[in-house]
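> Residues per chain are reported as follows:
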Amino acid sequence: MKDKILLFVYLSLLVLVSLVHSYEWLLGILSLLCITVFLLPLKKREKVKILKRSFFSVFFFGVLVSVPYTTVGLFIGDNRFDYFLMINTRTLDLTLLTFVFLEVMNPFKALDFSKNLSLLLVITSSYALVYNKVLKDFKDAFKSRSAGSRIRGEDFKHYLTRLVVYFFDKSKETSEDIYIAMKSRGFYYD
Amino acid sequence: MHIPDGFIAPQVYVPAYFLDGLFLIYAFRRFKKAMEERMIPYIASLSLFSFILMSIAVPLPGGTSVHGLGIASLSLLLGPWIAFICVSLILFLEAVIFGEGGITTFPINSIAMGFLGSFSAFYAYTMLKKFLSDKVSLFLAGFFSTLVSAFFMALLLGIHPYIFKDASGKPLYFPYGFSIVMPALLLPHLVVSTGEGLLTYLVVRLLRGRISHEG
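Residue numbers (numbering that gives the first Met the number 0), protein chains in the order written: chain A, 0 to 189; chain B, 0 to 214.
A few of these clues could be false.
As the list claims (entries may be wrong) - Heads up, incomplete: computed chain A residues facing chain B, CB under 10 Å, no partners named:
1) Lys1
2) Leu5
3) Val8
4) Leu31
5) Leu73
6) Ile75
7) Ile122
8) Val133
9) Val164
10) Lys169
11) Lys182
By construction, these hints were calculated from the structure, which means they are not laboratory data.
Glycine included, every Cβ here is placed at the ideal spot set by N, Cα and C.
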């Protein structure tokens, strides 16, 4: 129940912060969120990691959109610095809010109002980590066998063929494994 | 193509959540009927395959490379509804579990990439196959699916400065109108679309035989 309440609070805050347009208020919210991050029962390194991740996940889109918009404003005599502060602070607030809530609530428990959805998320996310590791091995193997920085079309075709066929077969096996595991644990007889 | 939180107004993303939710519920019900107890393993494993397709970087002439989406491939191999579910599930996981991609922008990404991307690929291929070769139709289906998704994103972003502005006319969310956002988003996506077209051609040709052979 605790996680469901936290999810509700999180979603409400998300909409509320999205509706704030004053950069002073948004900077205030950002300060509160930063304080919350430092109050979280985490190691210092993890706290810094949350702040860094939030910053970098908003940095590129922010630079692409708000920096040119503000710069053009300077040339045409329109002060757009308020907008620059507002949009970037709001984006940072919302991203940091997400990371804070991901630390304090269990998203799988929060979403278990639907047994199927919850199970689907648990299974897919746990296997995604395994698949990602195998994919990294594939990429590393391809890189180490490619001469120079330029990739030949024919080499890429071979690599893609092996990769796609391997993961297609693996996903079929995974499907069967999950089905048997669910059946053996009595999932279909509840 | 991921838009971070903060650039889309709640007046847009809240209704988008409802619409996307309705599409997803309908798609899940279709599969529950067809697959019964195999639904969860089937969707989970195909979503994992979709996750892999999304991670493939396709090299293009000139030394550049772009990330494919794999949506068109899945749509042409297994149907647009399953492609939509799988892509949405991966986007949801990225946003909710891994904290990447934006929570408020999830339904927009899901509708643009998952729904429009998979259906446009499916219908583009069905139509083009009547006039063009299979190779060209596959490439163009992948190409158009990405371009349609990008066009929808550009449309949604571009409408913001006209609707959501303060009393002095300053934007409250995304600042650029159609005249800027359309070329800014569509021109780079021509390159991404080319990568997706190539990926679709290669993946579908490779797996089509296996799927039809194994049923």
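> Could you run down the list of hints and mark each one as holding or not?
Evaluated hints:
Restraint check, lysine 1/A versus chain B: the minimum CB separation of about 17 Å is more than 10 Å; hint violated. For leucine 5/A, the interface hint is violated, since its Cβ never comes within 10 Å of a Cβ in chain B; the closest pair sits about 13 Å apart. Taking 10 Å as the C-beta contact cut-off toward chain B, the hint placing valine 8/A at the interface is violated, the least distance being around 14 Å. This hint is violated: leucine 31/A has a C-beta 17 Å from the nearest C-beta of chain B, more than the 10 Å allowed.
Look at leucine 73/A: its Cβ only gets to about 14 Å from chain B, farther than 10 Å, so that hint breaks. For the restraint placing isoleucine 75/A at the interface with chain B, the shortest Cβ-Cβ distance is roughly 13 Å, beyond the 10 Å limit, so the hint is violated. The restraint placing isoleucine 122/A at the interface with chain B holds, with a minimum CB-CB distance near 5 Å, inside the 10 Å limit. Using the Cβ-Cβ criterion of 10 Å, the hint placing valine 133/A at the interface with chain B is satisfied: the shortest such distance is roughly 9 Å.
At a threshold of 10 Å, the smallest CB-CB gap from valine 164/A to chain B is about 7 Å, leaving the interface hint in force. Residue-level restraint check for lysine 169/A holds (minimum Cβ-Cβ distance to chain B is 8 Å; threshold 10 Å). For lysine 182/A, the suggested interface contact is upheld, since its CB lies about 8 Å from the closest CB of chain B, less than 10 Å.
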